[in-house]
Amino acid sequence: MVNLSVSILVLLPFFCGVILLAVKGRSSRVLLPLWVATSVLAAIMLIKGDSVHAVLGGSYGVELMFDPSSWTFVLMNGLVFIGVTLSVIKERLPLLSCPLMAMLHGTANAVFISYDLFNIFICIDLIGILAFLFIRLGKRPRQIWSAVQYLIVGNVGMILYLVGCLYGYKATGSFSMETLPAIPAIAIYLLVIGLSVKGGVFLAGLWLPEAHGEAESAVSALLSGVIVKCGIAPLLRIAELSPVAARVVPLLALASALYGVTYAMFDKDVKRMLAYHTISQAGFILIVPAAGHLYAISHGLFKSWLFLAAGKLPSRSFEQLKKEGIKVQVWLPLLIGALAISGMPVLGGFGAKSMILGKLSGLPAILMYMAALGTAISFAKIIFLPLAEGGDLAKAVSFSGAFYFLSLVLRDVIAGYFGVAFILKTLFIIGAGWLIYLAITSRRKIELPKSVEGLDHILGLLFVVLLLMIVVFGS
Amino acid sequence: MRIKFDIRKAYFAAAIVVVALLAVIPRTDLGREYNAALIAAKAGIPNTVTAIYLKNRLYDTMFEVMVFSISISGALYFLKKENKFHLEDTLFTDPATIIIFRGCAMLSFLSACALATVGHLSPGGGFAAGVAFGTSMVIQSLISDRNHLSNYLSMERPERFEKSSWMLILAISLLTFSGIIPSNGIWGSLLSGGWVPLLNILIMIKVGLGTWALSLGFLDHKWIF
Amino acid sequence: MFKTLLNYLGGVPLDVVFLARLLLLSVILIGLWGVLFKKNLIMKIIAMDIMNTGAISLFVLSSWYRSKAPVIAEKGSSIPASDPVPQAVILTAIVVGFSVLALLVVYVMDLSRYFHTLDTDRIQNRWKR
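Protein chains in written order, with the numbering used here: chain G, 4 to 478; chain D, 13 to 237; chain U, 16 to 144.
Fair warning: there could be bad hints in the mix.
[As the list claims (entries may be wrong)] Which bits of chain D does chain U cover? Going by a derived footprint, with three or more residues having C-beta under 8 angstroms, they are:
{"hint": "1", "stretch": "25 to 32"}
{"hint": "2", "stretch": "133 to 143"}
[What the hints assert, rightly or not] To give an idea of the chain D side of the interface with chain U (calculated C-beta under 7 angstroms), a few residues:
{"hint": "3", "residue": "ALA52"}
{"hint": "4", "residue": "PRO58"}
{"hint": "5", "residue": "ASN59"}
{"hint": "6", "residue": "VAL61"}
{"hint": "7", "residue": "PHE80"}
{"hint": "8", "residue": "PHE90"}
{"hint": "9", "residue": "GLU171"}
Keep in mind the hints are simulated off the structure, nothing from the lab.
Since we're looking at a predicted model, the values are computed, not measured.
C-beta atoms are modelled at their ideal positions from N, C-alpha and C, and glycine is treated no differently.
Just chain G, same shape as in the assembly (with noise of 0.2 angstroms):
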């Protein structure tokens, strides 16, 4: 059973590369089944519910777990590549997009069923040299620089991931993430630090907003939606295996989902705000590591879908969209992803939230109900757009859009009923957070500083975060 999954996770999308790499393939159509072989498989394996831990090549071999958590990411993960290349299956695109994002698939399947802590790292860097390369393709010189900025950035990320695999080799004498709890602290403070880099956690992802809004719509939604979670996936588990990450790990969430929010509210441009809501929901998925894997496949799946409509828009800073206004069947995908993330009920989002929000308590809880109505106000940026002329509703239904919407659908009546009293909640949050827009953000123009999205602040702002968790958790 190992090996087959291996196989169809790993090694498949892998040959498909090279396949496609070898005769220069660009249709995006063959590689439809690949998706739907992963999904298949993860949604087999969930119903199955049951736990496999195994061990390729013997002792001093590389770990894997196969547990409902890697499951869910994997399904996640086939789902947005079907409804990414049903969104681009009519582009003509360039030439090395298909064999890319199959070994992105393989690459992002092996993390998440990965269970030791130099096989991660691997993994991670053929990511980031898998996302570079996709950045770079787009058109526009910009995107050369954003690419630039990642691939430095997540490679000093992944140097200091690779000095905690070390301390945490010389402790216990394995790379198996077993050994975690015995890891010294701070060596659990790098690899915490290497993997927010990657995960775009609070002040390690700062570099999101320059790539993640730079790049092309279909790109920046394969970014927010799989790599991103990369990173954040074995951050989940080293939080709920090792108990001093479970101290730090928090409350990075915490500090990541308000930071996100705020400047999400008052920026001016549709993609980078979309981008700074990934840092900001990377901090819900991570609030609470157990639960962690299910708020993660919504927001896959919701974020983007926002990605891939807000690439139909014609313009994107706010002011001009204002005067100029949204024909009907660009903004009826947008209100209903934005209406997702906000966690509206029946929509993907209400399940997720309701989830975490329920397994928190005190201040934390009071904190991230503060950030769900801040990523409310900053949704109804969109929705109130005005509408302009010539809209053609039927124009609105397309494959992708079909598909990701029975697929939200399907994940929140898959997670159940949760009680009036959080649909109650939800409609609140999602009501006060309209009317807050409407009567105040709307007139105010507020303009945060973002130096420190400089290559060099982010670089030095990995060695403050580390120094203060040091300081603060004790090593």
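Fit chains D and U to the supplied structure of chain G, relying on the hints for placement.
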């Protein structure tokens, strides 16, 4: 300008503190016994490092080959789009240099073959061999008679070789994970250790051709000169 | 007296391994200095490679054990060899570091073709206006 400098010095000071704390962590591995002999015996080859990365942790090595190949493909995607800069007037033309370069290239190529084929019996292995192979090809590209080899070898074959060796490495990884491994053979002989000798040679081909293509791409790009 | 003071500070045995570890950590710091304080993109990339080298050498240092043989001479030999796992693992990390470096150098060349500068401040200031 002054304010910016102060912040970066603060970042660097934080980094110094963190690294100093890393330096004074007490060593906890002084009493551990390493059973390298067990690893060597189980794998059937004396070189324990090769045994680890080509047998026990082959999964990681597979990803490493992917990283290398994808980055070479990505780099070549850009380098090939540029106008080819013809180097003829900047290459070396005097006979003494040509002979020395050809000699060095030959030595490098021989050492690449040696490292790959006996890489499981002594320190060496596929990656070092690949770098040596690539170096030999680059050295002989620096002399003005660089297309001398194309009389003997056509230049399209390297690309097909590269992709097929890549796929063979993936296929052998699949076989190893499924447990289909040839027997270990006689200790210390050339064909001992299951798939290890074949993997060494395949990795040499992959890494060598990749470094050769990348270096040639750089040499032909007008930015260098 | 200095030695006993240091010994007392961390309970760290002041031997060659500790000094080597200190040296390699300073290599990482030197690389970090280069990445933070140099404005030229190529200098940043070279400094990042220096950081990578320092981290990798730390791994190799940690695999040192009594004798220095990486290879076992005869089957069933009792000469203790050095720890193979960090060495094997670091081969992979070296290749990964080299690949990232190659990609970065090529695309920085690409960047300079569009922006005609390699100075990070100037590139980033283009969009702050």
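Hint check:
1. Only residues whose beta carbon comes within less than 8 angstroms of a beta carbon in chain U count, and the stretch 25 to 32 of chain D has 3; three or more means the coverage holds.
2. By the rule of at least three residues with a Cβ nearer than 8 angstroms to a Cβ of chain U, the coverage given for the stretch 133 to 143 of chain D holds, with 5 such residues.
3. Because the smallest distance between the Cβ of ALA52 (chain D) and any Cβ of chain U comes to about 5 angstroms, under 7 angstroms, the interface hint for this residue holds.
4. Of the supplied interface hints, the one on PRO58 (chain D) holds, with its beta-carbon coming within about 5 angstroms of a beta-carbon of chain U, less than 7 angstroms.
5. The beta carbon of ASN59 (chain D) comes within 5 angstroms of a beta carbon in chain U, closer than 7 angstroms, and the hint placing it at the interface holds.
6. About 5 angstroms separates the beta-carbon of VAL61 (chain D) from the nearest beta-carbon of chain U, less than 7 angstroms, and the hint is met.
7. The beta carbon of PHE80 (chain D) comes within 5 angstroms of a beta carbon in chain U, closer than 7 angstroms, and the hint placing it at the interface holds.
8. The criterion of a C-beta within 7 angstroms of any C-beta in chain U is met by PHE90 (chain D), whose closest approach is roughly 6 angstroms, and the hint holds.
9. With a cut of 7 angstroms, the hint placing GLU171 (chain D) at the interface with chain U is violated, because the nearest CB-to-CB distance is about 18 angstroms.
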